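Protein chains in written order, with the numbering used here: chain A, 1 to 295; chain B, 1 to 525.
Each hint should be verified, as a subset may be incorrect.
[Unchecked claim] Keeping only pairs whose Cα atoms sit at most 30 Å apart, straight-line, the calculated DSS-like set for lysine-lysine is:
hint: 1; chain 1: A; residue 1: Lys172; chain 2: B; residue 2: Lys467
hint: 2; chain 1: A; residue 1: Lys274; chain 2: A; residue 2: Lys234
hint: 3; chain 1: A; residue 1: Lys274; chain 2: B; residue 2: Lys462
hint: 4; chain 1: A; residue 1: Lys169; chain 2: B; residue 2: Lys222
hint: 5; chain 1: B; residue 1: Lys467; chain 2: A; residue 2: Lys169
hint: 6; chain 1: B; residue 1: Lys440; chain 2: A; residue 2: Lys27
hint: 7; chain 1: B; residue 1: Lys440; chain 2: A; residue 2: Lys117
hint: 8; chain 1: B; residue 1: Lys462; chain 2: A; residue 2: Lys30
hint: 9; chain 1: B; residue 1: Lys75; chain 2: A; residue 2: Lys117
hint: 10; chain 1: A; residue 1: Lys27; chain 2: B; residue 2: Lys467
hint: 11; chain 1: A; residue 1: Lys137; chain 2: B; residue 2: Lys467
hint: 12; chain 1: B; residue 1: Lys440; chain 2: A; residue 2: Lys168
hint: 13; chain 1: B; residue 1: Lys462; chain 2: A; residue 2: Lys172
hint: 14; chain 1: B; residue 1: Lys440; chain 2: A; residue 2: Lys190
hint: 15; chain 1: A; residue 1: Lys168; chain 2: B; residue 2: Lys462
[To be verified] A few chain B residues that face chain A, going by a derived Cβ cut-off under 10 Å, partial list only:
hint: 16; residue: Arg220
hint: 17; residue: Met269
hint: 18; residue: Asp272
hint: 19; residue: Tyr454
hint: 20; residue: Ser458
hint: 21; residue: Leu505
hint: 22; residue: Phe511
hint: 23; residue: Phe515
Since the hints were derived computationally from the structure, they do not count as laboratory data.
The structure displayed is predicted, hence computed values, not measured ones.
The beta carbon of each residue, even a glycine, is placed where N, CA and C say it ideally should be.
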Amino acid sequence: MKKSLWILGTIALALLIDRACGMFLSKITKESQFRYSRLYNGNEEVDVLFVGNSRGLSFFQPYTEEKTGHSTANLSYNGMPIELAATLVQDYLDRHKAPKVMVMDLTLLDSVRMDNKLAYQFNHYSPYSGRLSKLLKQEFKNDYYAGQLSQLYRHNSEVFQRTFFYWKKTDKDWLLDRVISQEMLANVAKHENLRFHYDSKMLNHLTEMVKYAQNKGTRVELVVNPYYPEFIPKLTNIDTLVMDVERTSGVTVRRYTSAVQPAEAFGDYQHVNKVGAKLYVDKLVEDGVLSKWTK
Amino acid sequence: MIFNSLPFFVFIGIFLPLFFSTKRSESLWTWASIGFATLAEAVLWYGTSQGWWNWPIHGLILATTIGSRILGPLKGQHLISLVGSYVFYGWWDWKFLFLVGFSTLLDFTLGLLVDRESEKKRRRKMMILSIFMNLGFLAFFKYFNFFIDSAAQFLLALGFEPHMTTLKIILPIGISFYTFQSMSYVIDVYRRHMPAEKNFLKYAAFVSFWPQLVAGPIVRAKDFLPQFNHNHGFDWDRVITGTGRILWGFFKKCVVADSLSPFVDQIFMEPDAFTSINLLIGVIFYSFQIYCDFSGYSDIAIGFARVLGFKFNENFRTPYFSQNFSEFWQRWHISLSSWLRDYLYIPLGGNRQGKLGTYRNNMITMLLGGLWHGANWTFMFWGFLHGMYLIAQRQLGRPFGTLMTGLHFPKAMKVAFNIALTYFFTCLAWIFFRATSFDKAIDVIVGLTTWSGYTIVSMMNKFWVVKGVLLIGLLLAVEVTDLKMHWNWLAHRSITFRIAAYATLLALIAFFGSFGSGAFIYFQF
Numbered sequence: 001m002k003k004s005l006w007i008l009g010t011i012a013l014a015l016l017i018d019r020a021c022g023m024f025l026s027k028i029t030k031e032s033q034f035r036y037s038r039l040y041n042g043n044e045e046v047d048v049l050f051v052g053n054s055r056g057l058s059f060f061q062p063y064t065e066e067k068t069g070h071s072t073a074n075l076s077y078n079g080m081p082i083e084l085a086a087t088l089v090q091d092y093l094d095r096h097k098a099p100k101v102m103v104m105d106l107t108l109l110d111s112v113r114m115d116n117k118l119a120y121q122f123n124h125y126s127p128y129s130g131r132l133s134k135l136l137k138q139e140f141k142n143d144y145y146a147g148q149l150s151q152l153y154r155h156n157s158e159v160f161q162r163t164f165f166y167w168k169k170t171d172k173d174w175l176l177d178r179v180i181s182q183e184m185l186a187n188v189a190k191h192e193n194l195r196f197h198y199d200s201k202m203l204n205h206l207t208e209m210v211k212y213a214q215n216k217g218t219r220v221e222l223v224v225n226p227y228y229p230e231f232i233p234k235l236t237n238i239d240t241l242v243m244d245v246e247r248t249s250g251v252t253v254r255r256y257t258s259a260v261q262p263a264e265a266f267g268d269y270q271h272v273n274k275v276g277a278k279l280y281v282d283k284l285v286e287d288g289v290l291s292k293w294t295k
Numbered sequence: 001m002i003f004n005s006l007p008f009f010v011f012i013g014i015f016l017p018l019f020f021s022t023k024r025s026e027s028l029w030t031w032a033s034i035g036f037a038t039l040a041e042a043v044l045w046y047g048t049s050q051g052w053w054n055w056p057i058h059g060l061i062l063a064t065t066i067g068s069r070i071l072g073p074l075k076g077q078h079l080i081s082l083v084g085s086y087v088f089y090g091w092w093d094w095k096f097l098f099l100v101g102f103s104t105l106l107d108f109t110l111g112l113l114v115d116r117e118s119e120k121k122r123r124r125k126m127m128i129l130s131i132f133m134n135l136g137f138l139a140f141f142k143y144f145n146f147f148i149d150s151a152a153q154f155l156l157a158l159g160f161e162p163h164m165t166t167l168k169i170i171l172p173i174g175i176s177f178y179t180f181q182s183m184s185y186v187i188d189v190y191r192r193h194m195p196a197e198k199n200f201l202k203y204a205a206f207v208s209f210w211p212q213l214v215a216g217p218i219v220r221a222k223d224f225l226p227q228f229n230h231n232h233g234f235d236w237d238r239v240i241t242g243t244g245r246i247l248w249g250f251f252k253k254c255v256v257a258d259s260l261s262p263f264v265d266q267i268f269m270e271p272d273a274f275t276s277i278n279l280l281i282g283v284i285f286y287s288f289q290i291y292c293d294f295s296g297y298s299d300i301a302i303g304f305a306r307v308l309g310f311k312f313n314e315n316f317r318t319p320y321f322s323q324n325f326s327e328f329w330q331r332w333h334i335s336l337s338s339w340l341r342d343y344l345y346i347p348l349g350g351n352r353q354g355k356l357g358t359y360r361n362n363m364i365t366m367l368l369g370g371l372w373h374g375a376n377w378t379f380m381f382w383g384f385l386h387g388m389y390l391i392a393q394r395q396l397g398r399p400f401g402t403l404m405t406g407l408h409f410p411k412a413m414k415v416a417f418n419i420a421l422t423y424f425f426t427c428l429a430w431i432f433f434r435a436t437s438f439d440k441a442i443d444v445i446v447g448l449t450t451w452s453g454y455t456i457v458s459m460m461n462k463f464w465v466v467k468g469v470l471l472i473g474l475l476l477a478v479e480v481t482d483l484k485m486h487w488n489w490l491a492h493r494s495i496t497f498r499i500a501a502y503a504t505l506l507a508l509i510a511f512f513g514s515f516g517s518g519a520f521i522y523f524q525f
């Protein structure tokens, strides 16, 4: 019997380590300057809110603040699924005064390119959001309950690593500073077509998010962020996507697909870099999407 | 089923108590097993709302328990081991069981016939029949499509338009491992290295022993079969050391290997889309991914075998600290390299046939070792490269050693240089092993030599890289300090250290582990 006590001792110590480390990691999550930590702390009151996937990141936030003088937040993340985007936006609106405008890139409506498991990576924010917990319980039942059992497991994700990285510094200056390679420019014709795969469920999530924001008094601008001009013919069903979104959400989509022209303004075919982000934001201001409060 | 899965944890919870329950004085274990089976089902029912009271599973447990009681402690344990192994293996696809069963029956019968036969020619014929049949299975299931495709491509290159039919053959998991194991048994009986096994149940339990059935280590009948000669009771010391080994294996697999795999997969899927620095990191990460994936599996297998009272030989001994390629092959996948040495290299003549004969034997062994891994020319080329390395080492080893001595480097520096050089060429060969085609392997090599691509800014995902480097550092630190500290010995001796070490490993697995990707790389071989 005595020999078997070490198993109980190991389990007890493992739980102790788990809880102690979990407390420390939760503290980091709370104190972090990462955008989602700021969201759940209620410290992100802004006028302009950007939402999207990796195409929505770039340099939009700092340059919008510089250009318009208005506070800006960006909830975009690589491969963001629409269900998660809707959850984060609604959580944002519940915790803050409604922003004046929300700019959302609708090309995140793509089940092939979105990261299906991304929501699970937000597990460490689940104690702060009933809505997020519900989503995790629905989509990642085992992971959700494993996260309840082990605090360390709850923090086992790349999103937490980013939360940790931005513990003591802000992520607001994030930018994409690479320039599309000559090889990519030469091979654009050979690139395969890009088709958006979406269904009515995804469109409903988008509509739900749009209505929620509008009811809070936020003006919603649905946009298509720029693509490298010669890549645009590869987008086989962008027109159908825009029509479907307009029909279900009732919002007219602003198409900025070809708003940025120079090759040096792109990191690759689908992402503008810092130069491109500036050109694009200039265009948004010029068109009145962001210009109502220009100082 | 795979080790890092929920069904396996249910399996082990039922199997272990049942395995230890074969003595009448230990009937408590039987109840523990049935109790766990019921509990597991209740949990699964609650979690998935599917099925309550799985009659086939409970029927099997009951039948095995009654059967083992009728057969007695020793044969009863063989029966439990056999049934458990077939459940473990049949979890993938029950149809594969026919193949294991047939291979077992064939070699058991041939082993007996070879043993009884006194005329050498006839014994030899029977042994060749065993080799022919086992390699025939392997050739059909593993290489049939490969040879047909290669022949079609060859004819196409000659200007013909072949119309060849390829069958959609599914590769049975672990076929390369158990056919080699079963085949070597008949060869050993033929060589009179061991007598034939007369107990079919014991032999079947040996061939299908679940901890090593699907990805090794490849065990030898003469070492392993005698371990089935006595009943294996429960032993705390074995549980302690075995558990430590299992946890370390899970750490290697779930934490290190699976954390590196997303980066590696992206790099090798489209190498021409990534810059040199990404390719370099991808190749280094792959070298550790495959090491931790495979040696992690071996650690888990060795650990479970130890808990059950069996001993496997080591399969890996810190291979990336090798100073040359002979040493590398004494430290990497030892059970396969020693199998190839004993059943291929030495029968071919080994190093007793002059310089050219030795080189030829080296090359044949390595080429077939490459082909063993899979039906692809890239595996063959990987074997060819290792064959060339061994030949180059024999040819250049002495002048190189003289040069190093002449340069009067400190010993530590010489050792470090040799390790780095061996690791560099090992990685070069890994590129061909991992790439799905020659074109992609060449893309990786061309990319690596594009010096302008070594920029931090073009690094794909710095978080993956930092995590990977951190985990590789941790792994190497444990392996290096183990030489002085003997962690396993310490865990066995000191209860405080054991509790701290095992709890830390559990915490590391929870915090860094990847639990989604599942399968081990070596299952495909």
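Consistency of the hints with the structure:
Simply put, A:Lys172 and B:Lys467 have alpha-carbon atoms about 23 Å apart, close enough for the 30 Å limit, and the pair holds. Distance restraint check for A:Lys274 and A:Lys234: the Cα-Cα separation of roughly 24 Å lies within the 30 Å cut-off, and the hinted pair is therefore satisfied. Restraint check: the Cα-Cα separation between A:Lys274 and B:Lys462 comes to about 19 Å, which is no more than 30 Å; the hinted pair holds. Restraint check for A:Lys169 and B:Lys222: not satisfied, since their Cα atoms lie roughly 63 Å apart, outside the 30 Å limit.
Taken as a hint, the B:Lys467 and A:Lys169 pair is honoured in the structure, with Cα atoms around 20 Å apart against an allowance of 30 Å. At most 30 Å may separate the alpha-carbon atoms for a hinted pair to count; B:Lys440 and A:Lys27 exceed this at roughly 45 Å. A C-alpha spacing of about 28 Å is found between B:Lys440 and A:Lys117, which places the hinted pair at or below 30 Å, so the restraint holds. Under the criterion of a C-alpha separation no larger than 30 Å, the hint pairing B:Lys462 with A:Lys30 is consistent with the structure, at around 23 Å.
Using a Cα cut-off of 30 Å, the hinted pair B:Lys75 and A:Lys117 is violated, with the two alpha carbons roughly 48 Å apart. Of the supplied pair hints, the one linking A:Lys27 and B:Lys467 holds, its CA atoms being roughly 21 Å apart against a limit of 30 Å. Restraint check: the Cα-Cα separation between A:Lys137 and B:Lys467 comes to about 27 Å, which is no more than 30 Å; the hinted pair holds. A distance of roughly 42 Å separates the Cα atoms of B:Lys440 and A:Lys168; the hinted pair therefore is violated under the 30 Å criterion.
A C-alpha spacing of about 18 Å is found between B:Lys462 and A:Lys172, which places the hinted pair at or below 30 Å, so the restraint holds. In summary, the hint linking B:Lys440 to A:Lys190 is supported, as the alpha carbons are separated by about 18 Å, within the 30 Å threshold. Annotation: proposed proximity of A:Lys168 to B:Lys462 holds, straight-line Cα distance about 18 Å (limit 30 Å). Taking 10 Å as the C-beta cut-off, the interface hint given for B:Arg220 is violated, the closest approach to chain A being about 33 Å.
Given the 10 Å rule on beta carbons, the hint for B:Met269 is violated: about 14 Å separates it from the nearest Cβ of chain A. Interface restraint check for B:Asp272: the shortest CB-CB distance to chain A comes to about 8 Å, inside 10 Å, so the restraint holds. A hinted interface residue such as B:Tyr454 counts as satisfied when its beta carbon comes closer than 10 Å to some beta carbon of chain A; here the least separation is about 14 Å, so the hint is violated. At about 6 Å, the closest approach between the beta carbon of B:Ser458 and any beta carbon in chain A falls short of 10 Å, and the interface hint on this residue holds.
Interface hint at B:Leu505: satisfied, since its Cβ lies 9 Å from the closest Cβ of chain A, which is below the 10 Å cut-off. Here the hint on B:Phe511 is kept, as its CB sits about 4 Å from the closest CB of chain A, short of 10 Å. Because the beta carbon of B:Phe515 sits about 8 Å from the nearest beta carbon in chain A, less than 10 Å, this interface hint is met.
The structure shown violates the earlier hints numbered 4, 6, 9, 12, 16, 17 and 19.
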